[in-house]
Amino acid sequence: MTEIDVLIMTDAPPVDNTTVDAPQAATVRAEMPRVAVFRKEHFNAAHRLHNPNWSDEKNTRVYGKCNNPNYHGHNYELIVRVVGPIDAETGYVLDMKVLGDLIKAQVTDRFDHKNLNLDTAEFADLNPSAENIAIVIYNRLRSHLPETLDLSIKLYETERNFVEYPA
0 MTEIDVLIMT DAPPVDNTTV DAPQAATVRA EMPRVAVFRK EHFNAAHRLH
50 NPNWSDEKNT RVYGKCNNPN YHGHNYELIV RVVGPIDAET GYVLDMKVLG
100 DLIKAQVTDR FDHKNLNLDT AEFADLNPSA ENIAIVIYNR LRSHLPETLD
150 LSIKLYETER NFVEYPA
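At position 31 of the sequence shown (counting the first as 1) the number is 30 in numbering that gives the first Met the number 0, and the numbers step up by one without a gap.
Everything labelled a hint here was simulated from the structure, so no lab data went into it.
Worth double-checking, as some hints may not be accurate.
Unchecked claim - Straight-line C-alpha distance at most 27 Å; calculated DSS-like pairs for lysine-lysine:
no. : residue 1 : residue 2
1   : 57        : 103
2   : 57        : 96
3   : 64        : 96
4   : 153       : 113
5   : 153       : 39
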């Protein structure tokens with residue numbers, strides 16, 4: 000990509016120690032394009048969808064087999080999307096190794112081969128629907144990424160059923 004210099008009138012001192020003959024002007028590099036990078040991971044977890052304020056009959060009617068009192072499991076497929084500018088020095092939006100390590104620490108180590116209802120604090124009082132799991136994953140990752148990067152989560156509960164957050 001070719002660097003494009005743009006002349007901007009400003010009261011601020013010149014950027015990158017660039018000197019410009021025109022008074023009160025600075026030369027800045029045009030904003031780098033934003034690119035989406037993706038990381039796919041898998042984890043296996045059990046859960047039960049259940050509302051303790053409802054009768055057993057209503058829970059069964061609403062959640063069906065997902066309300067099994069002995070729980071049931073899924074082989075979740077997680078796709079993490081990060082969007083941001085390409086760093087001029089590294090050529091990366093985000094180092095994929097760094098992203099993979101973050102997902103491992105914040106998601107797979109926490110949820111893989113766990114009963115989400117019983118083994119995780121996040122779902123002690125939150126129904127572990129795919130929607131809620133995606134939001135929890137988003138929040139766990141978001142706090143570790145720079146604000147300049149956008150984040151979205153796609154979580155497949157089955158090959159045909161998935162959620163995306165934010166929508």
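Results for each hint:
1. 57 to 103: 37 Å, violated
2. 57 to 96: Given that 27 Å is the threshold and the Cα spacing comes to 45 Å, the pair is violated.
3. 64 to 96: 38 Å, violated
4. 153 to 113: Distance of about 20 Å is within 27 Å: holds.
5. 153 to 39: 9 Å, holds
In terms of the numbered hints stated before, the structure departs from hints 1, 2, 3, listed from lowest to highest.
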